[in-house]
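Q: The residues making up each chain are set out below.
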Amino acid sequence: MDVEEGRWVSVVGDNGSGKSTLAKQLNALLVPTRGVCFVMGKDTKDPSLQWEIRKDVSMVFQNPENQIVASVVEEEVAFGPENLGLTSVEIEERVRWALKVTGLFEFAHRPTYALSGGQKQRLALAGALAMKPRCIVLDEATSMLDPEGRKDLVEVLTRLHHEGMTVVMITHRLEEILFSDLTAVLSRGKLAFYGETKDLLDSTTFALLGIKEPPLFKLWRNLKSRGLLEESTYPTVRNMVEDLVERLCL
Amino acid sequence: MHFLEHLSLGQYVPAKSFIHSLDPRSKVLAVMFLITSVFLANTTLWPYVIWFVLIVIISSLSNISFKTVVTSTRPVLILIVFTLAINLFFADGRELFRIAFISITEEGLLTGIKMGLRLFYLVLFANITMMTTSPIELSDGIESLLSPFKRYGLPAHEFAMMMTIALRFIPTLLDETDRIMKAQLARGADLDSGGIIKRFKALIPVLVPLFVIVFQRAEELAVAMEARCYRGDYGRSRMRPLMWGVCDSLYLSAILFISASGVILDRWIL
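Protein sequences appear in the order of chains A and B.
Numbering-wise (the numbering used here), the first sequence opens with residue 1 and increments by one.
Numbering-wise (the numbering used here), the second sequence opens with residue 1001 and increments by one.
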């Protein structure tokens, strides 16, 4: 499996298929027992390079509560840059930038315990972004969020991706793969599929991989076969509704 | 379970105030002076009046209401009452009155009040410091104060980081305890009736999952910290490096003067 810089990769698979193990390999939190893992050209097995790898690859975990170290929002975001030994001016700049990107700037002086679940996850993302990584890995970071919180997080990631950041998103929601360029499907610790996301959006591929096709995808294919959707319409609710409204002149 | 909803022992209250802006080292040293003086003064009750006025002044300078500061000591109220009762019932001296076979003495009453007040002031001083200093600042301050002992092998940074995390997780673990208690109550657990031993036994189904969760959280936090390049104190900088200013010297001098005055008044004048 090879991920080029600047791409957005989704990793999906059943529970226990090895998604989180793969995510931790990218940050050198786990190292391969067999084979090799190179991140930005650095071997994750080399202990002298692991810190450098973590500087380039930030991680956001599933439960934000378990990754927040500080009691105040801005101090939490500053934790990573402080570990990098940056100057106080640079740390403050990074904190301000990360808080603005994640829409938490007005909460800078709030206690972390007073934030909602969605805000806490955005705070975890801000903490990771303040490291100014080249790649961000999200290990089921949307799983504890409500639809609104998920939408906010994906919007932030989309913006960062357009600015050139590599995004690796571990998810168990098949709908979320639609945001990515590439998708990897893991099954029992093995890579069952890795390729362009659009190549996966085919019922036969789903059947071959033994994955239940999401109803949204079924609807998308059905509407397309009836000529109600443009060939190029991507299977998101918004795209489909907009296309339908245009076609039916509503 | 209501006590869990209002508990705020040592919880940081972010605000912009004179006390908030002070260097954490001056606040830590000030609280040490105050606590020492509270324990050195043991003759009269007058110094407690001085310290009471001091707390009112500090709370007004910190933009935190005096009521909030006092209310935050509620979790240790039982301990204070217990201290008062122990001294009241078991001290020798001139008998004031008698309840059944227990003799209440003048010395017992006075010592009980003093010991209770000492404990109350100790918690109050520590609390107001923690309410006006974020845990990260507090740990930075303590780390800096302990740094001379690093050469003797004291892990100052690790100690301070441990304290930061402990303080950060107080509200989280209280929420967790509350959730477990509600889950056990929903399944028919009886946590509120019976004697002490029965109540303690009833708490076991709450404590066991709580401990499991604490260990899980600790492990996940350690991984998350490592992922964010944490290597202990090595190569670590600060967003706001500690800066000792004139205000800190003035504040500490004032506290030192008041603490010493309290002890001198108590021991040699009053």
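These are computed hints drawn from the structure, not numbers from a lab.
You may find that some hints are simply not true.
As the list claims (entries may be wrong) - When the alpha-carbon atoms are kept at most 20 Å apart in a straight line, the in silico SDA-like pairs for lysine to any residue are as follows:
#, chain 1, residue 1, chain 2, residue 2
1, A, 55, A, 108
2, A, 55, B, 1223
3, A, 24, A, 165
4, B, 1114, B, 1082
5, A, 24, A, 62
6, A, 212, A, 230
7, A, 24, B, 1222
8, A, 45, B, 1238
9, A, 224, A, 210
10, B, 1016, A, 110
11, B, 1016, A, 212
12, A, 42, B, 1226
13, A, 132, B, 1238
14, A, 132, B, 1218
15, A, 132, B, 1226
16, A, 45, A, 25
17, A, 55, B, 1153
18, B, 1016, A, 111
19, A, 24, B, 1201
20, A, 55, B, 1201
21, B, 1016, A, 196
22, A, 132, B, 1201
23, A, 212, A, 243
24, A, 55, B, 1114
25, B, 1201, B, 1180
Said to hold, decoys possible - Take a look, some chain A residues computed to stay more than 12 Å from chain B by CB distance:
#, residue
26, 221
27, 225
28, 242
Ideal placement from N, C-alpha and C gives every residue a C-beta, glycine not left out.
Q: Look at each hint and say if it fits the structure.
A: Evaluation of the provided hints:
1. A:55 x A:108: Violated - the C-alpha atoms of residue 108 (chain A) and residue 55 (chain A) are around 23 Å apart, more than 20 Å.
2. A:55 x B:1223: Holds: residue 55 (chain A) and residue 1223 (chain B) sit about 15 Å apart, inside 20 Å.
3. A:24 x A:165: holds, 18 Å
4. B:1114 x B:1082: holds, 13 Å
5. A:24 x A:62: holds, 12 Å
6. A:212 x A:230: Distance ~25 Å between residue 212 (chain A) and residue 230 (chain A) Cα, so the pair is violated.
7. A:24 x B:1222: holds, 13 Å
8. A:45 x B:1238: Between residue 45 (chain A) and residue 1238 (chain B) the Cα gap is close to 30 Å, so the pair fails against 20 Å, i.e. violated.
9. A:224 x A:210: violated, 23 Å
10. B:1016 x A:110: holds, 12 Å
11. B:1016 x A:212: violated, 55 Å
12. A:42 x B:1226: holds, 18 Å
13. A:132 x B:1238: holds, 17 Å
14. A:132 x B:1218: violated, 26 Å
15. A:132 x B:1226: holds, 16 Å
16. A:45 x A:25: Holds - the C-alpha atoms of residue 25 (chain A) and residue 45 (chain A) are around 10 Å apart, at most 20 Å.
17. A:55 x B:1153: violated, 30 Å
18. B:1016 x A:111: holds, 14 Å
19. A:24 x B:1201: violated, 41 Å
20. A:55 x B:1201: violated, 48 Å
21. B:1016 x A:196: Given pair residue 1016 (chain B), residue 196 (chain A) is violated - Cα atoms ~52 Å apart, limit 20 Å.
22. A:132 x B:1201: violated, 51 Å
23. A:212 x A:243: violated, 26 Å
24. A:55 x B:1114: With a Cα-Cα distance of about 55 Å, the restraint between residue 55 (chain A) and residue 1114 (chain B) is violated, given a limit of 20 Å.
25. B:1201 x B:1180: Holds: residue 1201 (chain B) and residue 1180 (chain B) sit about 15 Å apart, inside 20 Å.
26. 221: holds, 39 Å
27. 225: holds, 45 Å
28. 242: The claim stands: residue 242 (chain A) keeps its Cβ more than 12 Å from every Cβ of chain B (closest is about 39 Å).
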